[in-house]
Amino acid sequence: MPPVKTLKDVASIVLVGSFNPAIFQPAWLAAKQLIRESEATGANIEIIHPEVTQFRAGWLRLSVQPTRFAASTEDPAQWGPLRDLVVSALTLLDETPTSVLGLSRSVHVDLGDSKSWHALGHLLAPKKPWEGILQEPGMIAVHLQGLRADGRPGHTFVRVQPSAKYENAVFVDITNEYVPTDPPSSASSNTPYFLKCIEEDWERILADAKESVDKLVRQVLPK
Amino acid sequence: MVSAVAISSMFDKTIEGASEESSILIGRTEISSVEGRPVSLALSPELETSPSLVAQRVAEPRKSVVRIPVPSEQPYHFELRQQWEGVVTHVDNDEITVVLRDLTHPERPDLEAVVSMDEVAHDDLALVQPGAVLYWSIGYETTTTGERKRVSHIRFRRLPAWSRRAIARVNARIAELTELFGE
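Residue numbers (the numbering used here), protein chains in the order written: chain A, 30 to 252; chain B, 54 to 236.
Don't take every hint at face value.
Unchecked claim - Result set (DSBU-like, lysine-lysine): computed pairs, CA atoms no more than 35 Å apart in a straight line:
| no. | chain 1 | residue 1 | chain 2 | residue 2 |
| --- | --- | --- | --- | --- |
| 1 | B | 202 | A | 239 |
| 2 | B | 202 | A | 144 |
| 3 | A | 239 | A | 225 |
| 4 | A | 61 | A | 156 |
Stated by the list, open to error - Computed footprint of chain A on chain B, listed as stretches where at least three residues anywhere in the stretch have a Cβ under 8 Å from a Cβ of chain A:
| no. | region |
| --- | --- |
| 5 | 128 to 141 |
| 6 | 145 to 154 |
| 7 | 159 to 165 |
| 8 | 185 to 192 |
| 9 | 201 to 212 |
Unchecked claim - From the derived model, a few chain A residues whose C-beta atoms are all more than 10 Å from chain B:
| no. | residue |
| --- | --- |
| 10 | 57 |
| 11 | 68 |
| 12 | 75 |
| 13 | 80 |
| 14 | 88 |
| 15 | 92 |
| 16 | 113 |
| 17 | 152 |
| 18 | 160 |
| 19 | 180 |
| 20 | 209 |
| 21 | 241 |
| 22 | 247 |
| 23 | 249 |
Please keep in mind that the hints were generated in silico from the structure rather than gathered at the bench.
Backbone N, C-alpha and C fix where the C-beta goes; we use that ideal spot for every residue, glycine too.
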């Protein structure tokens, strides 16, 4: 079976909670030894503002708003360091209130040709139900949710849409949502649980997501 | 939440790469945009002319607009071919001994390797000690200009640090137990 060709692959860790964007600057991460000094010095700072901090430091992309913390990388060699950085940063700020965690893998997959590309659209969004309603219907995006297969509280969300970056390619995002197991005494009580989930599940979540993407697209790829 | 904000948000534009798209933050109302181009918020005509909404607009001070830049692209593409996680067992002046766990082929047995200190990034030298964990990655790096090269790099793991509060909690607990059970 030929390997599924990935054109772009992004791993992300996102937390919803209460954050102070001004803290999460490259210099702070380096001072706490969460990234290399050279990475902080060479960072491309896109914006630092009380409402949002966003920058790229080589492999790391960080975006923090008052209610959202998002760290991601396109470099598969840095998936481990990404996990380490998020766990370390939130351990240092262990009283940060958080309410939801999301572990995501987003992939642009090359389907090879327009035939396979259209086949995936027909598979996920059959056109027959739309006869008499839409003329020449086409799939823009499909969103689905399912229960977590690992039993953790929360859902798995899958989004599939034509790739806007590559021809005859599809974009697939798989997000595993984590919610608190029991109503906590305070939102800050969730953070240790979420950090534990990141440490325990990160590698497995990424591997499972790739397996799911492969399983999905192989249904239309030539055998 | 997450890229799933696009799923549940009433402003869902089903725009690809929600985690990478820029957005315009007006007060607390987030509107997704594609490549920095703002997307207009389409209210129904009834809502736009609602007296209560007009009154609200007059009463509220104008909120500042923060335009979030389009996220920059990673300046290279890395095709990972092989990765190990290693634990340092011995450190000499110019070389370190590590036990390597194969992350690419987990079924393979652990290996022991001797690595030159020259392979360690300057910023990581302070982390080199027995027990330190490292990632050793080998693959092909392609820059945005198309230059492609084979790369082998080692990165030491930067483990979670204890916060002052956590240390204080542990110390307090030790004090409690000491008082309870004696020295």
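Do the hints match the structure? See the list:
1. Taken as a hint, the residue 202 of chain B and residue 239 of chain A pair is honoured in the structure, with Cα atoms around 26 Å apart against an allowance of 35 Å.
2. A threshold of 35 Å between alpha carbons decides the hint, and for residue 202 of chain B with residue 144 of chain A the separation of about 34 Å falls inside it, so the pair holds.
3. Pair hint residue 239 of chain A plus residue 225 of chain A holds up; C-alpha atoms about 22 Å apart against a cutoff of 35 Å.
4. Proximity of residue 61 of chain A to residue 156 of chain A is assessed by CA-CA distance (about 54 Å); at most 35 Å being required, the pair is judged violated.
5. For the region 128 to 141 of chain B, the stated coverage by chain A is satisfied: 7 residues place a CB nearer than 8 Å to a CB of that chain, which reaches the threshold of 3.
6. Coverage of the region 145 to 154 of chain B by chain A is violated in this model, with 0 residues showing a Cβ closer than 8 Å to a Cβ of that chain against a need of three.
7. Counting residues of the region 159 to 165 of chain B whose C-beta sits closer than 8 Å to any C-beta of chain A gives 0, which falls short of three, so the coverage hint is violated.
8. Here's how the region 185 to 192 of chain B fares: 3 of its residues keep a CB closer than 8 Å to some CB of chain A, so the rule of at least three is met and the hint holds.
9. Using a Cβ-Cβ cut-off of 8 Å, 5 residues of the region 201 to 212 of chain B lie near chain A, which meets the minimum of three, so the contact claim holds.
10. Against chain B, the non-interface label of residue 57 of chain A holds: every CB pair exceeds 10 Å, the least being about 13 Å.
11. Chain B draws residue 68 of chain A into its interface by the beta-carbon criterion, the shortest separation being 8 Å against a cut-off of 10 Å.
12. At the 10 Å boundary, the C-beta of residue 75 of chain A falls inside the reach of chain B, the nearest C-beta of that chain being 4 Å off.
13. The claim that residue 80 of chain A is not at the interface with chain B is violated, since a C-beta of that chain comes within 10 Å of its own (minimum 5 Å).
14. Residue 88 of chain A, annotated as away from the interface, has a beta carbon of chain B within 10 Å; the closest lies near 7 Å.
15. A beta-carbon of chain B is positioned within 10 Å of the beta-carbon of residue 92 of chain A; the least distance is around 7 Å.
16. Listed as a non-interface residue, residue 113 of chain A fails to keep its Cβ farther than 10 Å from every Cβ of chain B; the least gap is roughly 6 Å.
17. Residue placement check: residue 152 of chain A keeps its beta carbon more than 10 Å from all beta carbons of chain B (closest about 18 Å).
18. The claim that residue 160 of chain A lies off the interface holds: its Cβ sits roughly 23 Å from the closest Cβ of chain B, which is beyond the 10 Å cut-off.
19. At roughly 20 Å from the closest C-beta of chain B, the C-beta of residue 180 of chain A stays outside 10 Å, upholding its exclusion from the interface.
20. The beta carbon of residue 209 of chain A sits about 13 Å from the closest Cβ of chain B, which is more than 10 Å, so the claim that it is off the interface holds.
21. The claim that residue 241 of chain A lies off the interface holds: its Cβ sits roughly 15 Å from the closest Cβ of chain B, which is beyond the 10 Å cut-off.
22. Remark: the non-interface label on residue 247 of chain A is consistent with the geometry, its nearest Cβ contact in chain B lying 21 Å away (cut-off 10 Å).
23. A cut-off of 10 Å between C-beta atoms confirms that residue 249 of chain A is not in contact with chain B; the least separation is 19 Å.
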